[in-house]
Amino acid sequence: MVAVGFIEVLDRGGRVVQRVRLESFPLSIGRAYCNDVILEDRYVSPQHLRIDRDDEGNLIAEDLSSLNGSYRLPSGRRIERVRLIDDARLRVGQTELRFRASGHEVDEAQPYAGDDGLFKSPGRAAIAVALGAAYLMGLVYLHSFQKIALLRQMAQLVPLTTIILLWALAWSVAGRVSSQRFHFVEHCAVAVLAGVALSILDQITDYVAFAFNAESSGRFVAWGGSFVVLSGLLYAHSRLCAAESSRRLFMRTTGVALLVMSLTGLVRFAESNEITLVPSLLKPPGFRVTRARSIDEFLERSKNLQERVDDLVHQKSS
Amino acid sequence: MRDARCPKPPSLQALIVAVACLFLSCAVGAESQVPTQEVFKRFGNRVVQVRIVDRATESKSVIGSGFFVAPHHLVTNYHVVSELVHAADRHRAEIVRDDGSTLPLELLNLDVVHDLAVLRCDAPSPAYFTFQEVPPPKGQRLFSLGNPYDLGSSIVEGTYNGLLEESLYEKIHFTGAINPGMSGGPTINNSGQVVGINVATAGDELGFLVPAKYAAALVAKTLDPGFQKPSSLLDLVGEQLRANQDVYMNRLLAQPFEPVALGDYKLPGKLASFFKCWGKTEESQDERPYEVVRYDCSLEDNIFLTEERSSGTISLEHLLLRSDQLNRFQFAALYESTFGAVLGTRGDDDELTRYECESSYVDRPGTAWKVVLCVRAYKKLSGLYDAVLKAASLNHNTDGAQTSVALSGVSFESIQRFTRHYLEGLSWSR
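These protein sequence lines are chains W and D, in that order.
Its first residue numbered 1, the first sequence is counted upward by one per residue in our numbering.
Its first residue numbered 1, the second sequence is counted upward by one per residue in our numbering.
Just so you know, not all the hints are guaranteed correct.
Stated by the list, open to error - Each computed DSSO-like pair below joins lysine-lysine, with the alpha-carbon atoms no more than 27 Å apart:
hint	chain 1	residue 1	chain 2	residue 2
1	D	213	D	138
2	W	147	D	280
3	W	303	D	380
As the list claims (entries may be wrong) - Label-pair ranges, simulated between beta-carbon atoms:
hint	chain 1	residue 1	chain 2	residue 2	range
4	D	430	W	300	28 to 38 Å
5	W	158	D	333	17 to 27 Å
6	W	270	D	382	24 to 34 Å
Rather than coming from a laboratory, the hints here were simulated on the basis of the structure.
Being a predicted model, the structure only gives us computed values, none of them experimental.
Glycine included, every Cβ here is placed at the ideal spot set by N, Cα and C.
Please model the entire structure based on the sequences and the hints provided.
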């Protein structure tokens, strides 16, 4: 006989743990071993639910006067008897059941980008970590102007390294728990690359701000860039952890990143009303693009300072 | 409790020296034409202790000295009674007599620039001082009266040593041990005329007096029948400061600043004769692969505003940095770190706003400079501002000059004039 569909037993995460083909009727569900579908759930009665066909061929689920009852999802309404249509869900005890008709439509296959998609192998991840570390050390070298300091400056990277390792470990453990995937090296690589991206972003903003004498606008660019990097970071970590579909994951991680950045943005905005931004960027002179002005032009530009600080006086007093 | 201002904090040692000097001066005085004890006996009762009391705790917050110049009027230093101006509702002033009894005082008028104040006492004093406005000959014996360290009324003998040279505000150089607490007391000649008002000490028998003519003028103005107590003393302070700094800015900006050369850079040096400047070179060493040349100037003469703040101070610092070992990026990191903010970035809630800054690249002969001007406003003294002007040369990859100059308590117009004058003093040539 051709199957009319399947009864699926779901775990709390919504994943299918048992799938039973509906071939002969009636089909019994309960905790007792005489059932067709045996549920290990202490809140399920030994004989809990029966699935049968009515005269017109519809599938009907019927509660067998169970102690805790059967409920329709997602409404949560208690049922005695209910007709099953495709994708109908029921709850018995703590267990969720789903009916899927054999004609149930499934999504198209996702293109497979190899294992984990991101690095394809721990070896490549390790190379990414090494390159990232080399970049950061190079950056430290270019910013050190004291000779002995090179080693000591490298020591400055110790707290950062520790944070990256702990962060990667936390994600690895999360991956292990959620989907048996412990990808420590890959998580390290993600964190290091995000650090590198932030630092490059920071450097570019500084140099552009220096070139055009635009230190205050640089902050907004930096904020937008940090948002992109944070989204990428969260997405990459989650992708390594979960077996979820990429688009949904992407939306979620972007949402979280947006939330975090909005909060930090708010804090920064509040601070910008409290703290002076003292323009103090200095880069090699060759990077300056904006032309130098005359003293008169500078004085003209700085005329507004009086109004700005006078406004602060009135703000406080009002 | 704190004593009125003194440039060097008093130490126990200083106290012992001061007390020893007292004995010594009495002994010497006994041999002079008019014995010191005679002077003290005749004029000591015209000098009183002035005390500022915190109303909330009823404790002394400042002590100083004062002297009668009319039956109901006495003179002291502005810095002794400044709390009556800045926190009037929290303080009151009183005279403390030798027997411990007190009389209330009312602040009538002040001269913040010369650190003077006139107060009124309802109970009349039987005797009072007059002024000698013409400076005495150098070397004349003078007697300074007051209440050092709250120890009771004292007399100190010393010598008149002329007016301080290289000082923005005229002061008398008095060789004699003026001590904290004697601030506001008179220094008199042996016929009892006030030559100057005790204002500060640099220790080691080096004292400073406000010339009597300023006190005489303030007293005359206050005793004039048409005089009315200003409705806001704080506004009066602001007004006097603004008027004064117009005068001194004009003096300062009358001619181009005397230049100082750091390497091939020329920067404003000693801005005027009353500035003190220091230079210092730190050669490159093993640990520090760059050379630093420092040059600092400051105007030590300033106007006391409150315990925390003074007006009219100007200080500048130049830095020349060069290195033949660092690459351009490392040098830029160094150059940026020394240019970084040293100014407080949050305002002082009661007195000052935070700084607001404007920056630009400014073209000067030989090089462009990054110039940053930061300004903050006084909340209670309208029309007065602090400013920090910074500049860093941008013509070489591994050497450069930076300068930073701070002005306090000046008008915005003065800031702009000063900025122009200062930037005009920047140049580079080989």
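Consistency of beta-carbon spacing, residue 300(W) to residue 430(D), with hint 28 to 38 Å: holds (31 Å)
Hint consistency between residue 213(D) and residue 138(D) [alpha-carbon to alpha-carbon, up to 27 Å]: holds (17 Å)
Verdict for residue 270(W), residue 382(D) (Cβ pair) under range 24 to 34 Å: Holds, at about 28 Å.
Straight-line alpha-carbon gap residue 147(W) to residue 280(D), limit 27 Å: Satisfied, since the Cα-Cα distance of roughly 22 Å is no more than 27 Å.
Proposed proximity, residue 380(D) with residue 303(W) (alpha carbon, max 27 Å): Holds - the C-alpha atoms of residue 380(D) and residue 303(W) are around 22 Å apart, at most 27 Å.
Cβ distance range 17 to 27 Å for residue 158(W) and residue 333(D), holds or violated: holds (20 Å)
Hint compliance for this structure: every hint is met.
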